[in-house]
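Peer 1: Here is how the chains run, residue by residue.
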Amino acid sequence: MYRAVVGIGLACGIAIVMVYELTGPIIRQNKIEMREKAITKVLPGATTSAAFRLNQSGGFDPVPSDNEGDDLVFAGYDDNHELVGLAIAARGMGYQDVIRLLYGYSFEKQAILGISVLESRETPGLGDRIETDPDFLRNFGNLDVSLTPDGAELANLIEFVKPGEKNDPWQIDGISGATVTSKATANMLSESSARWIPTVHPKKEVFQYREGVE
Amino acid sequence: MCPVLAVTNTAKNALAMGLATAFVLIMSNLVVSSLRRYVPKQVRIVTFILVIATFVTIVDYLIQAISLELHKALGAFISLIVVNCLILGRAEAFASKNGIYRSLLDGLGMGVGFIMALLCLGVVREILGSGSLFGLQLFGEGYQEWIIMLLPPGGFFTLAGWLLLFNWLAKRRERRANSTGKESIS
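Chain order of the listed sequences is A and E. For the first sequence, the numbering used here gives the first residue as 1, with consecutive numbering after it. For the second sequence, the numbering used here gives the first residue as 1, with consecutive numbering after it.
If you are wondering where the hints come from, they were derived from the structure by calculation, not from laboratory data. It should be emphasised that the depicted structure is a prediction, and the values quoted were computed from it without experimental measurement. Any given hint could be a false lead.
Derived DSS-like pairs (lysine-lysine); straight-line CA-CA distance at most 27 Å [to be verified]:
#1 E:72 with A:183
#2 A:31 with E:41
#3 A:37 with A:162
#4 E:97 with E:12
#5 E:12 with A:31
#6 A:109 with A:162
#7 A:183 with A:109
#8 A:41 with A:183
#9 A:183 with A:37
#10 A:41 with E:72
#11 E:12 with A:37
#12 E:97 with A:41
#13 E:12 with E:72
#14 E:72 with A:37
Work the whole structure out from these sequences, hints included.
Peer 2: In structure tokens form, the structure reads like this:
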């Protein structure tokens, strides 16, 4: 009896590993292509991008754009090689599973310009409205993440409010029917922006266009 | 019922979910049927679920390799194919008692039926909810979308509509059969 279960379990394990090995490189390539698309979506006007990795001394080193990891930021450039802004990744627990998204940060406006969901297993028709609901997406047209005068931290942390109760530019209106997912989105943006914006903002020069970084 | 109502908000999602379920159904039927002599009765359900879960994981990777957008649209419901009663039901009721060829045919028949059922829901919901079919716009700018049809209640409404239609057709056929029966007796 045990022999049958162990044998079938082993065969199933081998089959899964084989398919994982076969599809792994294709899935990785798909994810990189999706990320490239997301960068141009969250940074309106950007046509090319370059990846930078946060190093241990708090600086940023250019890395090839197929790199992966949570310590990467992506600079977006327009056709004239002018820096449009930075695309930064954020992740957090949603209703079903971890949500990964990318948001665009503008140095000039000190604001978030847009978001793009990279990975989500939220309920179709409900939680996935964070990607499609026009009212919710309007929150990110110019979401304030300006720094305090000394540049040490955000002047106001991003806040989640109930639908229709947004009064300040750093607040995010939730979605009724998808409260957990929209709140999770606001929380992950709040945490990520509080961590990244004070780090990247003073180093704008590092992200300027240079040949060969794309 | 859960994925049936949640994922069928567009015809494309319905077709993808139907194909994924049909693949798992056919493959698990084949494997369960070919292993039926070697699996002791006491552990058969565990092994069936193991086999089904393996194929669901494989389908999950394949969909990610084909299209990440589609994978995102189907959300958690790909993993939930594991608990679809149809698959375990056919494995237990048919594949574990029949040969490979008959199990393959059973899987194909059931799979195609499931795809058709999901498409029936997805097509109606997409046409009414988005005014499109497989992403192609059917109506002009003035079309007012029935947003509720894209939300889970729309799934219930569509399902109820189809059940109403089929019950009415069945009743009508029954009435006609009865009336022709009476005529032939008289």
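Peer 1: Each hint needs a verdict: does it hold in this structure or not?
Peer 2: Here is how each hint holds up against the structure:
With a C-alpha separation of about 19 Å, the suggested pairing of residue 72 of chain E with residue 183 of chain A holds against the 27 Å cut-off. For a cut-off of 27 Å, the pair hint linking residue 31 of chain A to residue 41 of chain E is broken: about 43 Å separates their Cα positions. Simply put, residue 37 of chain A and residue 162 of chain A have alpha-carbon atoms about 31 Å apart, too far for the 27 Å limit, and the pair is violated. A C-alpha spacing of about 35 Å is found between residue 97 of chain E and residue 12 of chain E, which places the hinted pair above 27 Å, so the restraint is violated.
Pair hint residue 12 of chain E plus residue 31 of chain A holds up; C-alpha atoms about 21 Å apart against a cutoff of 27 Å. Pair hint residue 109 of chain A plus residue 162 of chain A holds up; C-alpha atoms about 25 Å apart against a cutoff of 27 Å. With a C-alpha separation of about 24 Å, the suggested pairing of residue 183 of chain A with residue 109 of chain A holds against the 27 Å cut-off. Simply put, residue 41 of chain A and residue 183 of chain A have alpha-carbon atoms about 22 Å apart, close enough for the 27 Å limit, and the pair holds.
With a C-alpha separation of about 25 Å, the suggested pair residue 183 of chain A and residue 37 of chain A falls inside the 27 Å cut-off, and the hint holds. Taking the CA atoms of residue 41 of chain A and residue 72 of chain E, the gap is about 17 Å. The hint holds against a cut of 27 Å. For the suggested pair residue 12 of chain E and residue 37 of chain A, the alpha carbons sit about 22 Å apart, so the restraint of at most 27 Å is met. In summary, the hint linking residue 97 of chain E to residue 41 of chain A is not supported, as the alpha carbons are separated by about 54 Å, beyond the 27 Å threshold.
Of the pairs offered as hints, the one joining residue 12 of chain E and residue 72 of chain E holds, with about 13 Å between alpha carbons and a cut-off of 27 Å not exceeded. Taking the CA atoms of residue 72 of chain E and residue 37 of chain A, the gap is about 15 Å. The hint holds against a cut of 27 Å.
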